[in-house]
Structure formats: C-alpha cells, structure tokens
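Peer 1: This is what each chain is made of:
Number of protein chains: 2
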Amino acid sequence: MGLIKLTLEYDGTHFSGWQVQPSERTVQGEIEKALKLLAGEDIRIMGSGRTDAGVHALGQVVSFRTHLSLPLSAFRDGLNGYLPEDVKVIQAEEAGESFHARRDAASRTYRYIICRKLKVLGRQYGWYPRCNFITDSMIKAAECLIGEHDFTSFCKISGEAKSFVSRILDITWDTTDEEVRFEVTATHFFHNMIRIIIGTLLEVGQGKKSIDEFRDILKAKDRSKAGPTVPARGLVLVRVSYA
Amino acid sequence: MGLIKLTLEYDGTHFSGWQVQPSERTVQGEIEKALKLLAGEDIRIMGSGRTDAGVHALGQVVSFRTHLSLPLSAFRDGLNGYLPEDVKVIQAEEAGESFHARRDAASRTYRYIICRKLKVLGRQYGWYPRCNFITDSMIKAAECLIGEHDFTSFCKISGEAKSFVSRILDITWDTTDEEVRFEVTATHFFHNMIRIIIGTLLEVGQGKKSIDEFRDILKAKDRSKAGPTVPARGLVLVRVSYA
Chain Z
1 MGLIKLTLEY
11 DGTHFSGWQV
21 QPSERTVQGE
31 IEKALKLLAG
41 EDIRIMGSGR
51 TDAGVHALGQ
61 VVSFRTHLSL
71 PLSAFRDGLN
81 GYLPEDVKVI
91 QAEEAGESFH
101 ARRDAASRTY
111 RYIICRKLKV
121 LGRQYGWYPR
131 CNFITDSMIK
141 AAECLIGEHD
151 FTSFCKISGE
161 AKSFVSRILD
171 ITWDTTDEEV
181 RFEVTATHFF
191 HNMIRIIIGT
201 LLEVGQGKKS
211 IDEFRDILKA
221 KDRSKAGPTV
231 PARGLVLVRV
241 SYA
Chain W
1 MGLIKLTLEY
11 DGTHFSGWQV
21 QPSERTVQGE
31 IEKALKLLAG
41 EDIRIMGSGR
51 TDAGVHALGQ
61 VVSFRTHLSL
71 PLSAFRDGLN
81 GYLPEDVKVI
91 QAEEAGESFH
101 ARRDAASRTY
111 RYIICRKLKV
121 LGRQYGWYPR
131 CNFITDSMIK
141 AAECLIGEHD
151 FTSFCKISGE
161 AKSFVSRILD
171 ITWDTTDEEV
181 RFEVTATHFF
191 HNMIRIIIGT
201 LLEVGQGKKS
211 IDEFRDILKA
221 KDRSKAGPTV
231 PARGLVLVRV
241 SYA
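Same order as they appear, the protein sequences are chains Z and W.
With the numbering used here applied, the first sequence corresponds to residues 1 to 243, in that order.
With the numbering used here applied, the second sequence corresponds to residues 1 to 243, in that order.
Any given hint might turn out to be false.
Identical copies go unnamed one by one, so any copy, or any two together, can satisfy a pair.
In silico DSS-like links for lysine-lysine, alpha-carbon gap of 27 Å or less [to be verified]:
# : residue 1 : residue 2
1 : Lys33     : Lys5
2 : Lys221    : Lys162
3 : Lys119    : Lys88
4 : Lys5      : Lys221
5 : Lys221    : Lys156
6 : Lys117    : Lys5
7 : Lys117    : Lys88
8 : Lys119    : Lys33
9 : Lys140    : Lys225
Just so you know, these hints were derived from the structure itself, not from any lab.
Assemble the whole structure, with the sequences as input and the hints as a guide.
Peer 2: In structure tokens form, the structure reads like this:
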C-alpha cells in the first residue's frame, strides 16, 4: 500500500473547477475516474488546494493511496491513456508515508497574464481588459503586498476560511509589448485573492486609484474597498513547493 | 465604392477550413456573415489563400468591395462585435483600386511548432510527435529546400494545381527545451506542403531517413517517396507580404 504523488497540468477552460461535484466536469472528478479505470478501485485524491472554474495549472500536486503496484511511469502513462486532452499527468513519484499534498505545501506560485491587445491564439490563457494601463505604478503599488499581511480586502468571504493571513514571499513582473505576466509566491492563497489583487492593481494602472490608496486598501481589511475580480482565464497555478 | 483590406487572426481548431461550404463552420463564412450584419449587403471576400481545417492564422489578409462608408477603425471594431471569439480583425486599411489579396501577395510566411513533450496548455498550437528527434540533421536536410524547386514530392495532388513550382525565400529554426519552431517564407505554398515537409524532416530527425535521402526525395517529384502529413494544429499562417 503506497502513497503516490502526481504533478498535473490542466486547461481550466472547460472545467467547473477542481472539486468533485455531481453532474459537473471537474479536474478531481476526471482524475478519480481515470484512477478507477486503471486501478479497478475507488480512490480519493488529495490536492494541494482547489482551483476555481476556468483557472489553469502547470504544476498542481495531488496524492493518493493505492494497493496497486505499478512502475511509476505506468501511473503517468496509464492514467494519461484514460484522461482527456485537457488534463494530463506530468510526473508520478513515490511519496513518503506522511506526505500530505495540502498541509505539507510550503508555498504556491501563481501567474496572471494581462494582455495588452485583443488576441485570438492563446486567448484562453490571458485576459484583455480593453483599456490602457501603466505598469510602473502597478509594480510600485504591489510592493506593499510582500511579507505577512491580513489579505481580507482582497478575498472573497466565503464563510469557510477563518483567517486571511498569508505571507507573500515573492512577486515578479515580466512585461512585453504583448502582455504583462504577474507571478506571485505565497504560503497560502484565499478565494479569488489574486484575481481581486489584479483587479485593484489595474485600477491603479488606469489612474483610478493612487499607490497610496492601494496601500490603504490592504490596511482596511474590507473587501468593498478593493477593485473587481478579474476573469479566471488569465490565472495559472505554476507550481507547489514542498519543504 | 471602396476596396478594404483586413488582416485577420484566427484559431483554426473549430473551423472546417477557410472556404465557405454549406453547413460547415468556415472562416470565410464567419467573416461574410459579420459583413452582412454590419453592411446590410451580401459581400464576397477574397483571401490571400485558403487554410485547411485546423490551421491557424496570425496574419491572414482579405479584401472586399463595399458601398459602405465607415471610418476604418469601425470596420475593425464593428466586425469584431459580430465575430466569434476565435476569429477577429486585427487591422482594417484602405486598399488601392487594383489590389488583389491573392494575386498581389509577394510571399507568405508559415510557422510549424513541434513540441518536445506532452503539453496541455497551448496544445492547440503545436503537435507532439511522441518520439525523440535530433534537430541538427533536420536543419541540415531542410537547407536543400531554399530556392526555386518543383515541390511535387511534398504536395497533396488535388487535381487543381497544374504546377508545384515555388521559391522558398527563407527558412528559420528556433529551438528550445519545450518546442521547435520552423518558419518558412515562400512565394507559393501548395496543399499540405509544409505538413508533408515536416513529416519527412521528422523521419530524418529520427534517423529513419538520411540527409541525402531527403535531398533525393525533393528531386524525385514523387509524393510516395516522402513522409506522412503531420497534423494541422501545429501550423499557423504568420503573415502575407505584398510588394
């Protein structure tokens, strides 16, 4: 009876998010269906965290326990044989007996892509806000997010989470003529956190809010002060790191 | 009565190719439908050339004649309001009275993307052959294609074309750990020409054919000597150049 760790890549466009739901197409649901076909048993997987409908992943991590004894490459290729084109196993590894995909994650890295112009090829993986924006002020405003903060202002209050405290370890920006890539690494992310941060930063970029006002929003711990939630299509879970 | 030139970007994944066909979703069909809604008249467009089902474009060029007098930006934005997400007008310009999108094209540039590994995000825009290949020998073999040649060996004989002579002006390769980008500029391209060239080059890359054998295939003017036609999804019409 072994514990297996899988790294998954998926295109969130046609998924109703991560978690199994009756009569919805979800990533967890597709993986568990493929595991049932491969292993002949019902297996429940544990993800590093949920992703919302439309959010993509390059490196989501899951673990599960199985009686099945197969070479690790067969877990990857065997499951990929059953999985649809929009979710695949990139890597299969053996995990230590105590491994827990969610609890043991030291940090997660997400990327959000804002397009500077209308785009057809790759439109599924970026969002075009149909406005001009200045990235310099957005980059400057985002600096205050680094470190440990209460991110209540930038979270959808869904009743479940009791604390919105997280530590943002790193933020990087990569800007080209075509697009702006915002990459953020933190210990925890809460519901819609990155999408609300980007929505508020875009208001700064358009001159609707000042850098000082952005800083005040973080301190206010009040969701109503922040900007709108930008669409899921620009967001991708890049990797999950374990200590 | 003016002549308008449009530059189009489209994702070929869900199109049955370029040309209008009854009860099929085609790029030409979608553009003409949007023009009818915008201009209130039936307008026939002329493309620089057809693209097959599944082939994408970043810079397809079309022209049409209309009684409608609108600012050029309104042709772009107005049509985009009617067009679906997978085909958009990038630019609208006025064309000279004698302009002909197909006859006046001096050259076309296409790109084919071969992926080095299984890929989910962006899988629509590249093809993964599920084998290893050496690009050095492919690059060397492709050199013989430069210049004016009879490309019969690399074309699908469809009865229509009488000559398969074209001049390849340039070939460039851009290789990364993730993918190989093959870009080719020529005066003319015939049916499946790039997809058969890539299929044959991949046989060279796998050591199934030598560089000398590749050169002999070009000289043979015999389709049966060449390799298979690779899938359309990796192919994109990058631009059409006019003198």
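Peer 1: All hints, please: hold or fail.
Peer 2: Quick rundown of the hints versus the structure:
1. Lys33 x Lys5: Within one copy only: 17 Å inside a chain, 50 Å across chains, cut-off 27 Å.
2. Lys221 x Lys162: within (13 Å within a copy, 72 Å between copies)
3. Lys119 x Lys88: So Lys119 and Lys88 pass the 27 Å test inside a copy (26 Å) and across (8 Å) alike.
4. Lys5 x Lys221: Classified as neither: same-chain Cα gap 37 Å, cross-chain 52 Å, threshold 27 Å.
5. Lys221 x Lys156: within (12 Å within a copy, 65 Å between copies)
6. Lys117 x Lys5: Result: close only across copies, 20 Å inter versus 39 Å intra.
7. Lys117 x Lys88: This pair counts as between: shortest inter-copy Cα distance 12 Å, intra-copy 30 Å.
8. Lys119 x Lys33: Between. Shortest inter-copy distance 21 Å satisfies the 27 Å Cα cut-off; intra-copy 35 Å does not.
9. Lys140 x Lys225: within (19 Å within a copy, 61 Å between copies)
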